[in-house]
Amino acid sequence: DVKVTQSSRYLVKRTGEKVFLECVQDMDHENMFWYRQDPGLGLRLIYFSYDVKMKEKGDIPEGYSVSREKKERFSLILESASTNQTSMYLCASSLKGGFGDTQYFGPGTRLTVL
Amino acid sequence: QKEVEQNSGPLSVPEGAIASLNCTYSDRGSQSFFWYRQYSGKSPELIMSIYSNGDKEDGRFTAQLNKASQYVSLLIRDSQPSDSATYLCASSPNDYKLSFGAGTTVTVRA
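As given, the protein sequences belong to chains Z and P, one line each in that order.
Count along the first sequence from 1, add 11, and you get the number used in the working numbering.
Count along the second sequence from 1, add 18, and you get the number used in the working numbering.
Note that these hints are calculated values from the structure, not bench results.
Any given hint might turn out to be false.
Taking lysine-lysine pairs in the DSSO-like style, the calculated list, with each CA pair at most 27 Å apart, reads [to be verified]:
#1 P:LYS115 / Z:LYS107
#2 Z:LYS107 / P:LYS74
#3 Z:LYS107 / P:LYS85
#4 Z:LYS29 / Z:LYS64
#5 P:LYS115 / Z:LYS66
#6 Z:LYS82 / Z:LYS29
#7 Z:LYS14 / P:LYS115
#8 Z:LYS82 / Z:LYS68
#9 Z:LYS107 / Z:LYS81
#10 Z:LYS68 / P:LYS20
#11 Z:LYS14 / P:LYS60
#12 P:LYS85 / P:LYS115
#13 Z:LYS64 / Z:LYS107
#14 Z:LYS82 / P:LYS60
#15 Z:LYS107 / P:LYS20
#16 Z:LYS82 / Z:LYS107
#17 Z:LYS66 / P:LYS20
#18 P:LYS74 / P:LYS115
#19 Z:LYS81 / P:LYS115
#20 P:LYS60 / Z:LYS29
#21 Z:LYS107 / P:LYS60
#22 Z:LYS82 / Z:LYS66
#23 Z:LYS81 / Z:LYS29
#24 P:LYS115 / Z:LYS64
#25 P:LYS60 / Z:LYS68
#26 P:LYS115 / Z:LYS82
#27 Z:LYS68 / P:LYS115
#28 Z:LYS29 / Z:LYS68
#29 P:LYS60 / P:LYS74
#30 P:LYS60 / Z:LYS24
Counterexamples of contact, computed for chain P against chain Z with all Cβ distances above 10 Å [said to hold, decoys possible]:
#31 ASN25
#32 PRO28
#33 GLU33
#34 ALA35
#35 ASN40
#36 ASP45
#37 ASN71
#38 GLY72
#39 ASP76
#40 PHE79
Heads up, the beta-carbon is just placed ideally off N, CA and C, and yes, glycines get one too.
Work the whole structure out from these sequences, hints included.
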């Protein structure tokens, strides 16, 4: 079974803090993704990575950065958290690029920025 | 225009009925399509994928794809209360990425 884990289920931070969200997958997947999910807006891609140390911007990268130093681990960084970054953050992984690859999701981190 | 649009719902069906979910996509180059189910407070889980025109059946679920009309649908037959969830349609417009619709919330009434 594919397992994608995220470091926290719930997180409360203050405006201006630096926030780290970590994601680990145990299936040797090449691709990893960070999404945020907001009511009425669906899942929006923030960043993705198709290999170690490689990253690509998604649809809404502003205010975020990522790090992938090891194949199994993909971190999302909020350099200076703002209230509009309050959201559910979902990490996903897939085996390889190309059409048809299923993405497997972690349990999500609900982040509240006060 | 959003890449993937779903009927907004919410959709309420009686137990045992057929729930019909619809999705359209804008990128004609999309080759792969997925339906995910998301229970409240949980993460999405894949229930169906479809790549060719026509129907694909898996248990009580049937996915239908019409690339000419850029249309994907999901039918849930003999709906059960456990099918109550939000269903997300996704297309793959290029390598790696999936584009998701906003989701349709289904409630199955006992």
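A quick look at each hint next to the structure:
no.	hint	in the structure
1	P:LYS115 / Z:LYS107	11 Å, holds
2	Z:LYS107 / P:LYS74	24 Å, holds
3	Z:LYS107 / P:LYS85	24 Å, holds
4	Z:LYS29 / Z:LYS64	21 Å, holds
5	P:LYS115 / Z:LYS66	13 Å, holds
6	Z:LYS82 / Z:LYS29	23 Å, holds
7	Z:LYS14 / P:LYS115	20 Å, holds
8	Z:LYS82 / Z:LYS68	18 Å, holds
9	Z:LYS107 / Z:LYS81	16 Å, holds
10	Z:LYS68 / P:LYS20	18 Å, holds
11	Z:LYS14 / P:LYS60	14 Å, holds
12	P:LYS85 / P:LYS115	19 Å, holds
13	Z:LYS64 / Z:LYS107	16 Å, holds
14	Z:LYS82 / P:LYS60	25 Å, holds
15	Z:LYS107 / P:LYS20	26 Å, holds
16	Z:LYS82 / Z:LYS107	12 Å, holds
17	Z:LYS66 / P:LYS20	24 Å, holds
18	P:LYS74 / P:LYS115	23 Å, holds
19	Z:LYS81 / P:LYS115	21 Å, holds
20	P:LYS60 / Z:LYS29	26 Å, holds
21	Z:LYS107 / P:LYS60	25 Å, holds
22	Z:LYS82 / Z:LYS66	12 Å, holds
23	Z:LYS81 / Z:LYS29	21 Å, holds
24	P:LYS115 / Z:LYS64	18 Å, holds
25	P:LYS60 / Z:LYS68	25 Å, holds
26	P:LYS115 / Z:LYS82	18 Å, holds
27	Z:LYS68 / P:LYS115	11 Å, holds
28	Z:LYS29 / Z:LYS68	20 Å, holds
29	P:LYS60 / P:LYS74	26 Å, holds
30	P:LYS60 / Z:LYS24	22 Å, holds
31	ASN25	13 Å, holds
32	PRO28	12 Å, holds
33	GLU33	27 Å, holds
34	ALA35	26 Å, holds
35	ASN40	15 Å, holds
36	ASP45	12 Å, holds
37	ASN71	15 Å, holds
38	GLY72	16 Å, holds
39	ASP76	14 Å, holds
40	PHE79	15 Å, holds
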